[in-house]
Amino acid sequence: MMVAETMRTAWRSLGSNRMRTALTALGMIIGVAAVVSVLAVGEGAKASVEGQIRSMGSNLVSIRPGSASAGGVRGGQVKTLTMKDAAALKELPGVVNVAPEMSGSAQMRAGSLNRNGSVVGVTPAYLEVRALTLAAGLGFTNDDLSGRTRVAILGANAANELFAGANPVGQRIQIKGIAFQVIGVLAAKGASMASPDDLTLIPITTHQGVLFGQDNLSALSLQVASEEASPVVQAAIQSLLRIRHGMRTEADDDFQVYTQTEMLATMSSVTGTFTALLGSAAAVSLLVGGIGIMNIMLVSVRERTREIGVRMAVGARRRDILLQFLVESVVVSIGGGAIGLGMGFGAAALIAKVGGWTTIVPTYAIVMSLAVSIAVGLIFGVGPARRAAGLDPVEALRQE
Amino acid sequence: MHANQEYPVIVDQLVKVYNPNKPELSVRAVDGMSFKVARGEACAIIGPSGCGKSSLLHILGCLDRPTAGSYKLEGKEVKELSEDELAKVRNQHIGFVFQSFNLLPKLTALENVELPLRYAGVGGKSKDRALAALARVGLDARSKHKPNELSGGQRQRVAIARALVTEPSILLCDEPTGALDSKTGKDVLALLQQLGTEGTTLVMVTHDLHIARQLGRAVYLRDGRVVADGESQMIVERMLNEVGEEEAA
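Protein chains in written order, with my numbering: chain S, 10 to 409; chain G, 2 to 250.
Because the hints were derived from the structure by calculation, they are not lab data. Backbone N, C-alpha and C define an ideal beta-carbon position, used for all residues, glycine too. Certain hints may be false.
[Stated by the list, open to error] Covered by chain G, per the in silico footprint, the following chain S stretches (three or more residues, Cβ under 8 Å): (1) 94–108; (2) 254–266; (3) 325–335; (4) 400–408.
[Unchecked claim] Distance ranges between label pairs, derived from CB positions: (5) S/G392 to G/R66: 25 to 35 Å; (6) G/A142 to S/M28: 30 to 40 Å; (7) S/S289 to G/E84: 38 to 48 Å; (8) G/S101 to S/V308: 14 to 24 Å.
Let the sequences and hints guide you as you build the complete structure.
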């Protein structure tokens, strides 16, 4: 018997008991929908983390001071990175731009409004290296740097809190009681990793000489020529800084260098582990769905024993009967899988809409759920199908 | 020409033992039967219950294999055939007509008749052939009806059309009128007899001696053996003499 014919027979047989077929498929539907939506949430989380990391700047390499450890106890950050390090790093081949940072926290006031927040000393290159854009006003110039001018660029939240919607550009604010002129406002980036919305930026020289008086850098961002070059540059940075810091060969680095690729890999592995964990919990329901199919197929074989006898009497070979029942179980499982896939898409869209999470149904989830559906149909269908095919035609015909 | 051209069915010293390995449960249902059925012949198999009619029918229908002896269908020794070959023989050489019709309830009359052709791998022309078979039993107008939309007599006609559609060597009937009232039973029998005159070989297991009388020949079985074989009127009389009217019916 031809495959198309077998498919038709299976379809008809399943269609004649729609309620039962639907309930049998329900296990697969729920299982596949659960797996697909979990994978969609995982993939979405990964993509959104990746997007955040990418939005921190293109081809970015970050350097942070290492942690001091004494007797196995980790202390605070050590003061190892300096402006001279930054200048030296700028000369490395492959390094396009360097943006040193100094961090601090201070009270700010504008008219009657005030806030406590992070005040970061930066250089004119900072905006470009960190891929930040201005919503209004201008960036810093080298004159600001050399003149230690008292100018500030506000993050979106800082601007809102200090000016309550009014345009801050050209206005005055006080930081630690010292007057600054606001020359720009950063475009809002929203809640994400390393969001600049809460920052107040000032020239690094002003930060050092006027407000905080510290010499060490809290971070250094480097823009490299290409992402492929970043491992090479990373190695060059390490050896340069070790030499500059006069470190012995056996000593651990007193700084940490991260490339964007590394950050991506770290975050991916975190979200990946999470997704795998939830996905495998969801996959258990596929197993249950498969057992449901097997159960109904066994009932079906028993009910249709006489039909099997008749088919054998008119010339069906054992393998025709085997195929017939196998196709039925695969049709149920793949049908359930397809519906589950659709519902998985629906659930992903709903989660995105209601929960505000990014959800992406990955292509591999589509291929995998259909492949797993076929596999479940085959694995759990083969037992009942073999039982049907193994019936003795005389006994089968005798069945009432 | 083949040597067995004239005898599609040749049974020689046929034996069927159920549970041969368990002496206390062992039953010798067929105990050395021998007979031949000529092409175009209409032959009744009669005998009291437990005489081995059903066992013989299953073997003749290639649903079961003999324990010993020989059964040649169209010259082929059935005992030597594999399972798949047996299925092929059932498909091509045997048409079954059952007491309870055994139509598949979800299929239309036409699809039921087409079923053997599907397993034979007949492609596009199967519909035409099935319609032609339905026309032979006078039901071509009902081809789209499901079995539960047909009367008992009509169902049995559909079953006969299904049995005929592959143009089998023999039509094996198991009490074909047993589930029908006497009027429709007569009609179905008339149809079978008419098919017989058109050249179909008919082997009919029946306990209805009136029907047996109307076929040309009867084989009288008892305790798994052929007791008598010949012209049906004569054989039926002999059986009535031996076992009495009540037991025979």
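* If any of the earlier hints don't hold here, list their numbers in rising order. => 1 and 2
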